[in-house]
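One line per chain: the protein sequences are A and B, in this order. Using my numbering, read the first sequence as starting at 1 and increasing by one per residue. Using my numbering, read the second sequence as starting at 1 and increasing by one per residue.
If you are wondering where the hints come from, they were derived from the structure by calculation, not from laboratory data. All C-beta atoms in this analysis are idealised placements derived from N, C-alpha and C, irrespective of residue type, glycine included. Any given hint might turn out to be false.
Stated by the list, open to error - With a Cα cut of at most 27 Å, we get these calculated DSSO-like pairs of lysine-lysine:
{"#": "1", "chain 1": "A", "residue 1": "LYS47", "chain 2": "B", "residue 2": "LYS326"}
{"#": "2", "chain 1": "B", "residue 1": "LYS194", "chain 2": "A", "residue 2": "LYS274"}
{"#": "3", "chain 1": "B", "residue 1": "LYS22", "chain 2": "A", "residue 2": "LYS94"}
{"#": "4", "chain 1": "B", "residue 1": "LYS194", "chain 2": "A", "residue 2": "LYS94"}
Stated by the list, open to error - Restraint ranges, calculated between C-beta atoms of paired labels, are given here:
{"#": "5", "chain 1": "B", "residue 1": "LEU199", "chain 2": "A", "residue 2": "LEU45", "range": "18 to 24 Å"}
{"#": "6", "chain 1": "A", "residue 1": "LYS165", "chain 2": "B", "residue 2": "GLY260", "range": "30 to 36 Å"}
{"#": "7", "chain 1": "A", "residue 1": "PRO153", "chain 2": "B", "residue 2": "SER196", "range": "38 to 44 Å"}
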Amino acid sequence: MAVTHPLDPYLRVDRIPTMWCPGCGLGIALGAILRAIDRRIEEGLLKKENIAFVGGIGCTARMTLYPYFDSAHVIHGRAIPFAIAVKVVKPEMKMVIVGGDGDIAAIGGNHLLHALKRNADLLVIMVNNMTYGMTGGQLAPTTPRGLYTTTTPYGNPERELNVIKLAAALGANYVARSSITHPQLLERTIYKALAKRGLAFVEVLSTCPEIFGRHIGLRNPVDLYMELKKKVTVKTNPSIEESDYDWGRGFVIGEFVDRDEPGFLDTYREYISKSFGGGAV
Amino acid sequence: MRYEYLTGNIAIAEASIVSGLKFYAGYPITPTSDIFEHLARELPKYGGHVIQFEDEIASINAVVGASWACAKAMTATSGPGFSLMLEALSLAVITETPLVVAYVMRTGPSTGVPTRSGQYDVLQSTYGFHGGLVIPVLAPSTPQEAYDLTVKAFNISEKLRTPVVLLSDAVVAHTYGKVAIRERSEVEIVDRSKPSTPLSEYRPYDPVDGLVPPMACFGEGYSVLVESLTHDERGYYAPRSDAQRKLMWRLYRKITESSGKLFDYSSLYLDDCDVALVSYGSTALSTQVAAKTLRERGVRACSLKLKTLFPIYEEGISKLLKNVEKVFVVENNVGLYYRELRGILKDRDVVSVPLIDLDVPLPQEVVGVVDKWL
Ligand SMILES: Cc1ncc(C[n+]2csc(CCOP(=O)(O)OP(=O)(O)O)c2C)c(N)n1
Ligand code: SF4
Ligand SMILES: [Mg+2]
Numbered sequence: 001m002a003v004t005h006p007l008d009p010y011l012r013v014d015r016i017p018t019m020w021c022p023g024c025g026l027g028i029a030l031g032a033i034l035r036a037i038d039r040r041i042e043e044g045l046l047k048k049e050n051i052a053f054v055g056g057i058g059c060t061a062r063m064t065l066y067p068y069f070d071s072a073h074v075i076h077g078r079a080i081p082f083a084i085a086v087k088v089v090k091p092e093m094k095m096v097i098v099g100g101d102g103d104i105a106a107i108g109g110n111h112l113l114h115a116l117k118r119n120a121d122l123l124v125i126m127v128n129n130m131t132y133g134m135t136g137g138q139l140a141p142t143t144p145r146g147l148y149t150t151t152t153p154y155g156n157p158e159r160e161l162n163v164i165k166l167a168a169a170l171g172a173n174y175v176a177r178s179s180i181t182h183p184q185l186l187e188r189t190i191y192k193a194l195a196k197r198g199l200a201f202v203e204v205l206s207t208c209p210e211i212f213g214r215h216i217g218l219r220n221p222v223d224l225y226m227e228l229k230k231k232v233t234v235k236t237n238p239s240i241e242e243s244d245y246d247w248g249r250g251f252v253i254g255e256f257v258d259r260d261e262p263g264f265l266d267t268y269r270e271y272i273s274k275s276f277g278g279g280a281v
Numbered sequence: 001m002r003y004e005y006l007t008g009n010i011a012i013a014e015a016s017i018v019s020g021l022k023f024y025a026g027y028p029i030t031p032t033s034d035i036f037e038h039l040a041r042e043l044p045k046y047g048g049h050v051i052q053f054e055d056e057i058a059s060i061n062a063v064v065g066a067s068w069a070c071a072k073a074m075t076a077t078s079g080p081g082f083s084l085m086l087e088a089l090s091l092a093v094i095t096e097t098p099l100v101v102a103y104v105m106r107t108g109p110s111t112g113v114p115t116r117s118g119q120y121d122v123l124q125s126t127y128g129f130h131g132g133l134v135i136p137v138l139a140p141s142t143p144q145e146a147y148d149l150t151v152k153a154f155n156i157s158e159k160l161r162t163p164v165v166l167l168s169d170a171v172v173a174h175t176y177g178k179v180a181i182r183e184r185s186e187v188e189i190v191d192r193s194k195p196s197t198p199l200s201e202y203r204p205y206d207p208v209d210g211l212v213p214p215m216a217c218f219g220e221g222y223s224v225l226v227e228s229l230t231h232d233e234r235g236y237y238a239p240r241s242d243a244q245r246k247l248m249w250r251l252y253r254k255i256t257e258s259s260g261k262l263f264d265y266s267s268l269y270l271d272d273c274d275v276a277l278v279s280y281g282s283t284a285l286s287t288q289v290a291a292k293t294l295r296e297r298g299v300r301a302c303s304l305k306l307k308t309l310f311p312i313y314e315e316g317i318s319k320l321l322k323n324v325e326k327v328f329v330v331e332n333n334v335g336l337y338y339r340e341l342r343g344i345l346k347d348r349d350v351v352s353v354p355l356i357d358l359d360v361p362l363p364q365e366v367v368g369v370v371d372k373w374l
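If we strip away everything but chain B, and leave its shape as in the complex, we get (with noise of 0.2 Å):
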């Protein structure tokens, strides 16, 4: 292990390389193009390929191809080229490939300020594209964070077999900070299950005894199909209810009943603590800041800072939170996840929040907001 500086998308490069990535597609776009840029000068030393493609559509396109092809692949955007990216990830989902969208959220809607922050595409990255599943959501707030939560997606999309987002933002892209980067023996790397059965009897969508298919890749002689169509375990199409209900319910379920597992969070405070400020990404760390100077005050605040967005692991936060008497969401937009906590924490007083700002908002900024409501 060794530390370096870095900022929060050269972390995302460096351990991207540690995960194992084999593949990157990206097509240029502020403030991604410095981990296009860092993996384009670095990645072909390992044996891995980049390329840039005519758009973010065939970007991704190309991600999914390159999984299939047992490499493990990735690609880096920000909300214009995600939303051009979800047809695909939708494809992505119905055909279990694993793969890692590093989505670094910037202001907007449409091209907005593209060179700042903001946390709009919260709700995006998940429930974005059409179909009605999650996608695991990973939002770190520091470099360090990226580092790790980038290992951590790889893994994670490589057990569950699903596309896995690295929600990050414009803040957290380009701040530097000391990380711990940890060398490719002193790190726990997921690989996908590959089949035991012999050719022919190789069925791409059967998980066994799992809810996870062993995944063979092009070129190993299995005669692979990716479907995009409602299939059944071989992959052929079937247009039938039974089908439908049986390959969604195991979508969902492989992805929701993991939240426990996939969960990942830090606080400040909490076990004494009456009122809670929960955020994430770059806010987070104006909201630690602010439950410090509440305290000073004499608050019994706290600060709970989720690393994991999606799934929402339900028991969990509510389990953090049961003694606390009120939750205030803090976060960059509108108050956005504010809606999703308030679903979970139905006993509990849930106040949104929401401080638009080109940066990160002060913590002064949160502790007024708090203020008015104690």
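Isolated chain A, as found in the complex (with noise of 0.2 Å):
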């Protein structure tokens, strides 16, 4: 009889084994989020058939590729208004946007803004590893001050963009900093994104030993996960001051808001049934 692995029914087997390097975090994560969407199906929040993931382009992105779900891999950036628009039309989907910190904080950071401004229905996973991993390890907007990039050869001048804070001053109802090495930890915040309506974000820590790792001297998958986690403090609803992200001080992880204001949905649809009755929409 073929083994087969309690994730089977939600994963394209087929597609088996991913494109990710070996020691990739990825595959931590994409592994808590379809075990925390598991037990939302099996308690009958969700339905199969109304998951969608949708990802712009990067590693991280291409964990569009492996869920059987409805799924896009659309192009850098541009996840958010893609699944703005199908929540739109088809209310009952629950929108999954998985990106890499390019994908969604630099290219699609404009996109991001205004989903949090509008607390739009869906949930935002993004996943820093804080480098371009797909495109050989140039500079992030995550990557911290000082280090190596390709692009910065003499040290990252910037500051690091704390997107925690972002989605926080924006209005989000849910904001989370996860990590990889904290995967049950990562499962039951995911678990309970899934259940909010607006916008719920949530930073997953990632280790990319393949470039980032490399770059910082600690190109072995595990010596790279050791020293994240190391970095790496639990709290329960810790402040959005403690959310400061700082390589050398290290990062919390928890969750930094949890709000229930009206989703865009629903402030939609408030005006348009206002005008029309609520037949139309």
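Work from the hints to combine the two standalone chains into their complex.
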């Protein structure tokens, strides 16, 4: 009898093994996301046919290639507007956006900003490996200051973008940071985020041993994993100030924002139904 | 059917509703904002959605998303916005996503004269995106044509699973004209073909026995894959020459082999003609008058107005012009579409009449240039 993995029903198994480098943190992230989805499906909160993955371009965005759901692997930075439209047309869909720090916060930054401002009904999972993995290790908005990248060979002169603070300031319903070094916690975070209306933003600290690890002298996946694990502190209900993004002092992970304001769909429908008695939408 | 006085822009908006538009996303830009504003008021009455996005990039990507959620979707823009949309149009081409872009040309390059007209973007409208394929382009010259070609644009997009550009200009956009408005039941509306395979056997890029694959959408249980990478029939990444070749030729053929079916034109005096004045869009208005003027002077002139600019129906156009001695291509730019026609009318004398004018070049200007060559 063929041995099957419990997550096989959610995977395009004929596409495994993935294209990711051995020891990449992305596999851990995908596993946690799928386990969280599985729990929500088992509970009856979500239906398999109503879940869609959307990603732009990058190693992280290629996460859309493997889950056995409706998926879109679109263009760099543009997953969010694609997903908003699907959600508006088919409100029963659960839109899961997966993207790297470059995909979501650099080229896609303007879309993120406006999705946050709208409190658009999306789960945005930004995997932060602090580099552009797919293109070979250039500067990311999240690359720690001073570090070598191939496009800042004398050290990154720029401050890091703390996307947690951005998401909190612009009014997302749920803002959390998690890490692949804490898979159970990551799963619980995604599980919770899946039930939120409005925008749920989850930053996932991850390891890119092939590129980022090599740049900082930790090419061995386990060494990089242990280094990140050392830098991560788990906190219950940390304040937003504690989200400070600092490679030297380390990172607090936890839920920074958890509220329940109307999402974009709620307000959008409210105004339309005010005018058309609810019949039109 | 009823008649109304409408501008070209409002005709586009009204026709898109009749065509079954369910999702419009846009970013304001002159001279298109009134399409957006009209739809923002009207489309919700028909159960459709209108959303203003943060820019044209978001708008076109949203339109792609909406189309995969089963909605007929459209955006409208002008040169600066269309330039921003090109990357996503390329995505729509490879993912075979039906959508319509109403491209209302204004004077360029760059910000140019935003409120005035021109035809500078005729080649960009089809060749602008990367990947070397062709997007169908339809060009109205009157509000009535704007109405009719909008319906046609949606139908082509659904039938061929392709983006379609409706190429208007600032003159057509804001000129009033009498338009025959047809009800939904009076127009032919084409919808994309849906898969008939069981859910688990569906392959989103398998054309089955033709060139256009049936299209499932999100939320139907087909586990659809929208893939921007070169892919096989399943939508799986296929970085191989054979897969690239297969995909490219199918995408190319499904458009070019339809050129005869998509071809649309109108003409004056074509069956008794030595000197043909070929044009499209607002310039055609002057060209028709110029042809009449020349005939009054005894020149056997005629006018051919092209409503389908791409894919070019080579056999069709050369047949229409087979008895003509000289072909003048009149357009409001430096002579762009002329290059396309010169390429297919090799055995004929083809002359460019590039007239740059912020409005419509006057018929006398057309006659003046033609006279120099007669
Ligand atoms: C418009 C555009 N510009 C540039 C690229 C090249 N590109 C592909 S992925 C990428 C960055 C990937 O970094 P990130 O989003 O952090 O993803 P990762 O690979 O690190 O997971 C870039 C610049 C592209 N595909 N499209
Ligand atoms: S380059 Fe880095 S992020 Fe990309 S697959 Fe390899 S290890 Fe993972
Ligand atoms: Mg990255």
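Checked hints:
In summary, the hint linking LYS47(A) to LYS326(B) is not supported, as the alpha carbons are separated by about 65 Å, beyond the 27 Å threshold. With a C-alpha separation of about 35 Å, the suggested pairing of LYS194(B) with LYS274(A) is violated against the 27 Å cut-off. Only pairs whose Cα atoms come within 27 Å are accepted, and LYS22(B) paired with LYS94(A) is accepted, the gap being roughly 20 Å. Of the pairs offered as hints, the one joining LYS194(B) and LYS94(A) holds, with about 23 Å between alpha carbons and a cut-off of 27 Å not exceeded.
A hinted range of 18 to 24 Å for the beta carbons of LEU199(B) and LEU45(A) is consistent with their spacing of about 22 Å. Checked against the hint of 30 to 36 Å, the C-beta distance between LYS165(A) and GLY260(B) comes to roughly 59 Å, which is inconsistent with it. Here the CB-CB span from PRO153(A) to SER196(B) is close to 57 Å, at odds with the stated 38 to 44 Å.
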